[in-house]
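J.: In our numbering, the protein residues as written are 1 to 218.
The set of hints was computed from the structure by calculation and includes no laboratory data.
Accuracy of the hints is not assured; some may be wrong.
Restraint-style ranges between C-beta atoms, simulated for each label pair [said to hold, decoys possible]:
{"hint": "1", "residue 1": "Gly46", "residue 2": "Glu108", "range": "16 to 22 Å"}
{"hint": "2", "residue 1": "Asp11", "residue 2": "Asn88", "range": "34 to 40 Å"}
{"hint": "3", "residue 1": "Thr125", "residue 2": "Glu56", "range": "29 to 35 Å"}
{"hint": "4", "residue 1": "Thr125", "residue 2": "Thr14", "range": "28 to 34 Å"}
{"hint": "5", "residue 1": "Thr125", "residue 2": "Arg204", "range": "28 to 34 Å"}
{"hint": "6", "residue 1": "Gln179", "residue 2": "Met107", "range": "17 to 23 Å"}
Mimicking DSS-like on lysine-lysine, the simulated pairs with C-alpha atoms at most 30 Å apart in a straight line are [to be verified]:
{"hint": "7", "residue 1": "Lys35", "residue 2": "Lys139"}
{"hint": "8", "residue 1": "Lys35", "residue 2": "Lys6"}
{"hint": "9", "residue 1": "Lys6", "residue 2": "Lys53"}
{"hint": "10", "residue 1": "Lys71", "residue 2": "Lys59"}
{"hint": "11", "residue 1": "Lys191", "residue 2": "Lys129"}
{"hint": "12", "residue 1": "Lys92", "residue 2": "Lys35"}
{"hint": "13", "residue 1": "Lys71", "residue 2": "Lys151"}
All C-beta atoms, glycine included, are put in the ideal place defined by N, C-alpha and C.
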Amino acid sequence: MIQQLKEYLKDRNTIEAFRLISDNPEILDIEDENKSSGFMMIAYSGQDDLFQKAIELKKSFSFHEAIIADKASEVQNYLEQHPDNLINEHSKDGFSPLALAAFFNKMEIATLLLQYGADPNLAATNASKVNALHAAVAKENYELCQTLIEKGANVNLAQMQNVTPLHSAVHRGNLTLVQLLIENGASPSVKMENGDTPHGIAEREGHHRILEYFNNNT
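All chains should be modelled from the sequences, with the hints used to inform the complete structure.
T.: Written out as structure tokens, the structure reads:
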């Protein structure tokens with residue numbers, strides 16, 4: 001069944017995926033060979049209606065599942081019972097709790113995790129090397145980016161291919177995020193593995209306001 005779900009998600013066949021999980025809700029807890037559950041697959045698929053149905057059908061949530069399902073009270077219960085063991089424990093697919101909260105834009109839960117001492121610089125154990133700031137920039141969540149920086153996030157830590165948060169913000173054409181990162185010490189000269197600098201990305205992709213900002217402030 002898990003393979004069938006994968007195919008439906010890949011094809012964005014929401015109707016059949018909806019029918020599959022409704023008739024077989026246990027599939028949400030079944031894991032594939034990479035330890036990714038049906039529930040997590042649906043979450044990552046970006047098919048919001050299907051994900052909401054999965055949340056309705058699921059009878060219980062692990063710590064990491066509760067984060068992405070926006071179950072703040074359950075996350076807090078987990079932390080109250082096991083604060084030291086869970087706060088920086090990577091999910092089965094390799095992401096930190098705080099990075100998951102950032103990727104799924106769960107501001108309340110991200111704030112809660114930080115209150116319990118979550119490490120904003122903790123990189124994924126998988127090939128992506130993504131941390132919470134990388135995820136927050138990808139979602140263009142200025143408020144969370146600012147909060148993470150205030151809590152000690154290193155603006156120059158890179159993910160895979162040596163992509164820094166600044167590279168990502170420039171690629172998205174987000175001037176306010178670029179300003180936030182530069183004002184907090186982001187390097188405009190660091191190179192990705194392919195040689196791209198933030199300035200070079202802005203120039204190639206035609207982000208003229210960002211180019212003007214770089215020219216006047218770096």
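J.: A separate judgement is required for each hint: does it hold in the structure or not?
T.: Against the structure, the hints come out as follows:
1. For Gly46 and Glu108, the Cβ-Cβ distance of about 21 Å falls inside the hinted range of 16 to 22 Å, so the restraint holds.
2. Judged by the Cβ atoms, the range 34 to 40 Å given for Asp11 and Asn88 holds: they are separated by roughly 36 Å.
3. At about 31 Å, the beta-carbon gap between Thr125 and Glu56 stays in the expected band of 29 to 35 Å.
4. Judged by the Cβ atoms, the range 28 to 34 Å given for Thr125 and Thr14 holds: they are separated by roughly 31 Å.
5. For the hinted restraint 28 to 34 Å between Thr125 and Arg204, the CB-CB distance of approximately 32 Å keeps it satisfied.
6. The given range of 17 to 23 Å is respected by Gln179 and Met107, whose C-beta atoms sit roughly 21 Å from each other.
7. A C-alpha spacing of about 25 Å is found between Lys35 and Lys139, which places the hinted pair at or below 30 Å, so the restraint holds.
8. Simply put, Lys35 and Lys6 have alpha-carbon atoms about 13 Å apart, close enough for the 30 Å limit, and the pair holds.
9. Restraint check: the Cα-Cα separation between Lys6 and Lys53 comes to about 16 Å, which is no more than 30 Å; the hinted pair holds.
10. A C-alpha spacing of about 13 Å is found between Lys71 and Lys59, which places the hinted pair at or below 30 Å, so the restraint holds.
11. A distance of roughly 17 Å separates the Cα atoms of Lys191 and Lys129; the hinted pair therefore holds under the 30 Å criterion.
12. With a C-alpha separation of about 6 Å, the suggested pairing of Lys92 with Lys35 holds against the 30 Å cut-off.
13. For the proposed pair Lys71 and Lys151, the alpha carbon gap of about 23 Å is at most 30 Å, so the pair holds.
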